[in-house]
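Fit chain U to the supplied structure of chain X, relying on the hints for placement.
Number of protein chains: 2
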Amino acid sequence: MQEMESRVRGRESLIKLACLQFAPGVGRNDENRERSCALVAQAADAGARLCILPELSNSGYVFNRRDEALELAEEIPGSETVRAWEAIARERAVFIVAGAAEREGGTLYNSAVLVGPGGYIGTYRKMHLWYEEKLFFEPGNHGLPVFPTTIGRIGICICYDLWFPETVRLLALQGADVVCIPTNWVPVPGAKTEGPPMAIYLCMAAAHSNSVFVAAADRVGEERGQPFLGNSVVVGPDGWPIAGPAGPAADEILYAECNLVEARRAKSWSDLNDTLRDRRTDFYDITLGANVKPHAF
Amino acid sequence: MQEMESRVRGRESLIKLACLQFAPGVGRNDENRERSCALVAQAADAGARLCILPELSNSGYVFNRRDEALELAEEIPGSETVRAWEAIARERAVFIVAGAAEREGGTLYNSAVLVGPGGYIGTYRKMHLWYEEKLFFEPGNHGLPVFPTTIGRIGICICYDLWFPETVRLLALQGADVVCIPTNWVPVPGAKTEGPPMAIYLCMAAAHSNSVFVAAADRVGEERGQPFLGNSVVVGPDGWPIAGPAGPAADEILYAECNLVEARRAKSWSDLNDTLRDRRTDFYDITLGANVKPHAF
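In order, the protein sequences belong to chains X and U.
Per the working numbering, residue 1 is the first one in the first sequence, and the count goes up by one each step.
Per the working numbering, residue 1 is the first one in the second sequence, and the count goes up by one each step.
Hints are computed from structural coordinates only; laboratory data are not their basis.
Treat the hints with caution; some may be incorrect.
Intra- or inter-copy, both count: the list cannot distinguish identical chains.
Listed next, the in silico PhoX-like pairs over lysine-lysine satisfying Cα-Cα at most 25 Å (straight line) [unchecked claim]:
no.	residue 1	residue 2
1	Lys267	Lys16
2	Lys267	Lys192
3	Lys16	Lys192
4	Lys134	Lys267
Chain X with its partners taken away, still in its complex shape (with noise of 0.2 Å):
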């Protein structure tokens, strides 16, 4: 009787996450600024609290030379772009995660910037560099973040760095019950021209043997002869779709409705077999890096 009067507690922790797929222009900072912010305000008004936006959605991706890059890097935190997401932030009362050009004096990170209704709260710079963002970019030194806030422990990766498994996992060993993807999906080796492409099936395994959420929001178009997939996606905690995956196309706002809190419950499978403690710690572990902290269950 306990546990179903706590588990109807732990629904009334229900928010609306959205994934807000669109097309940032590279070099457009100014255009993709306003694009973005209108969208949030839009899923604000559908009552979103969570809203992801893609890679890099500040600056476009495809950067010719290193000084057009720099050029279109941005401050984290004190930019325009940041500035902007924060006072939308604050002023609809939503958390907002974004991909952005990140420079800090002559170096440049691929992040993902967090701001809330409180204000700027923390950046990720992406672990694992994707091809010729290894020509611009510095690798990511920041570690994997969790962000714990009002809502629930908000995890945070980019891109390729969902290729790699222990990623997630680390994300998940830190206690993270959502991991937010802002991403920039390209076509990869074996990639299919009907269907899903690989990266959702990526989304589905990575949530299902975490038990977290997972929540891509991918970006469309085509920019300087580099397609993009969009299929922005949502993932429970049991590695179904709980939306989308999106259109390859065009822009569209991906709504789901989660309690990001119930991802802790849901690592027990039953009384035998809970999917992080299964763990053959006493024969491999994953040797933290020095901004990880294993989160105590």
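Just chain U, lined up with the frame of chain X:
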């Protein structure tokens, strides 16, 4: 030109792999032995060089009592069933990976044996025990060995092991070309009544993230009220199925032509990306048990 020639030579390493989906009966070790050997013979007739049999192919799965499990488990090597598998492997010049209940003195393991044309090669003991297996079996204490053979490097894991991304990662880091998965898949939380089970997506994600072949041989049928899912599958190093999923209910031999050694080349996605080398081992790494020797790539 040299690269092109090399790729042509690589293609000569094609072998036919076969997942032998059937329904072992609990307590019917004699029948199970005959049936499994008949399936191996049938697959060998069709040209298979590597045959994979389901989890606990010698004994069946659902034990009622510890005594029953002790009675049905067999010593490895040396038992009647393992000797039969050795004999047919020699006779037909095939490799066989077969799940088997193993008894060592009074101790039980949920194991898989690898035999080949030259006889017994080795045993893997399931690391992650599912649900009531924990009541009868000891957790595996042999680590996650990879066996070099004349057809390529064979890694083995069993059923619930796949739910832990560390498993296939550790096999890939030791150089496995193919991960063979004897399994007895059952419905898990969130399971759908239609379409492929979540296990298929775990196979796809594991193969893709690690650029290895994954071949899962599941059982079918029902045993003491426990249904099994079939859906045996073979996935290529790009993560997409190359054979199956098989049906959910009937015996079936699933064949796939695989160039196992190509798993080594498949890790290089471009001049700037390699699926294993891109791991951020400066930030995280998997601490390995004494039996695990990282492979020099």
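Hints, verified against the model:
no.	hint	in the structure
1	Lys267 <-> Lys16	within (22 Å within a copy, 39 Å between copies)
2	Lys267 <-> Lys192	between (33 Å within a copy, 18 Å between copies)
3	Lys16 <-> Lys192	between (32 Å within a copy, 24 Å between copies)
4	Lys134 <-> Lys267	between (36 Å within a copy, 18 Å between copies)
Comparing the model with each earlier hint shows no violations; every hint is respected.
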